[in-house]
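Starting from the given sequences, assemble the full structure and let the hints guide the process.
These protein sequence lines map, in sequence, to chains A and B. Under our numbering, the first residue of the first sequence carries the number 36, and numbering increases by one thereafter. Under our numbering, the first residue of the second sequence carries the number 37, and numbering increases by one thereafter.
FYI, nobody ran anything at the bench for these hints, they're computed from the structure. Predicted model only: the values in this text are computed from it and were never measured. A portion of the hints provided could be inaccurate.
Stated by the list, open to error - Covered by chain B, according to a simulated footprint, are these stretches of chain A (three or more residues, beta-carbon under 8 Å): (1) 51 to 60; (2) 90 to 96; (3) 123 to 135.
Unchecked claim - Just a sample of chain A residues kept apart from chain B, beta carbon distances all over 12 Å, derived: (4) Q69; (5) K103; (6) A114; (7) P117.
Glycine included, each C-beta is placed from N, C-alpha and C at the ideal position.
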Amino acid sequence: KQEVTQIPAALSVPEGENLVLNCSFTDSAIYNLQWFRQDPGKGLTSLLLIQSSQREQTSGRLNASLDKSSGRSTLYIAASQPGDSATYLCAVRRGGANSKLTFGKGITLSVRP
Amino acid sequence: DTAVSQTPKYLVTQMGNDKSIKCEQNLGHDTMYWYKQDSKKFLKIMFSYNNKELIINETVPNRFSPKSPDKAHLNLHINSLELGDSAVYFCASSQDWGPAYEQYFGPGTRLTVT
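As structure tokens, this is what we get:
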């Protein structure tokens with residue numbers, strides 16, 4: 036059974052800091068991995084999706100890496116801003132017709148002005 | 037334009053009542069989902085429909101019944117509500133069924149059962 040872990044549960048950093056959010060998963064047989072952002076009352080927004088054959092994906096100040104063999108992914112946020120404050124969730128999906136997204140609990144990030 | 041919308045946003049009701057949550061997507065997607073995020077923050081899939089047919093039905097009590105009148109809508113009806121049903125329910129959609137298709141989520145419906 037796939038388990039996704041995100042530690043720590045919460046993180047507070049000063050504005051401008053570069054930071055790394057970690058995600059680990061127990062079953063390396065994944066099809067892809069996705070990072071989401073959750074804002075209160077606004078649902079989930081997909082940030083980056085990495086296919087199992089890829090090592091990283093970049094979008095603006097965000098960079099996500101994937102090490103499938105070790106069951107790890109990191110989300111790197113450069114030059115953090117107060118607007119980055121949100122909960123960041125990692126989710127993995129196996130291959131196969133009936134595969135499902137398995138989510139971590141998320142990391143609640145607070146960027147202090 | 038809202039891609040995936042849910043109504044209501046908040047729902048407060050008493051134990052034993054029956055309630056429905058509606059979901060609509062205007063993305064032209066064939067697949068829709070219902071997820072539950074409980075108090076421990078875990079987000080888990082409940083149901084998935086593809087072209088109005090049930091694809092995934094997780095271990096969910098029979099009190100929960102999804103209905104898909106057309107590909108753009110997937111409603112969730114809950115009978116005899118219990119305290120443990122309090123959670124945030126998210127609707128999502130994807131272009132088609134399978135791991136290659138990215139899912140787009142709605143804003144969530146916070147259900148509180150008193």
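| Verdict on chain B covering the segment 51 to 60 of chain A, criterion of 3 CB contacts below 8 Å | violated (count 0)
| said: Does A:Q69 clear chain B by more than 12 Å, comparing its Cβ with all Cβ atoms of that chain? | reply: Violated, since 7 Å does not exceed 12 Å.
| query | How about the segment 123 to 135 of chain A: do at least three of its residues have a C-beta closer than 8 Å to a C-beta of chain B? | reply | Our answer is that it holds, as 10 residues pass the Cβ test (under 8 Å) against chain B, meeting three.
| In terms of Cβ atoms, is chain B entirely out of 12 Å range of A:K103? | At about 14 Å from chain B, A:K103 clears the 12 Å cut-off, so the statement holds.
| task | Decide, holds or violated, for the assertion that all CB atoms of chain B are farther than 12 Å from the CB of A:A114. | result | 27 Å, holds
| query | Can the segment 90 to 96 of chain A be counted as covered by chain B under the rule of three residues or more with Cβ-Cβ separation shorter than 8 Å? | reply | violated (count 0)
| task | Would you assess whether A:P117, listed as outside the interface, keeps its beta-carbon beyond 12 Å of every beta-carbon in chain B? | result | 22 Å, holds
In this structure, the earlier hints numbered 1, 2 and 4 are contradicted, and the remaining ones agree with it.
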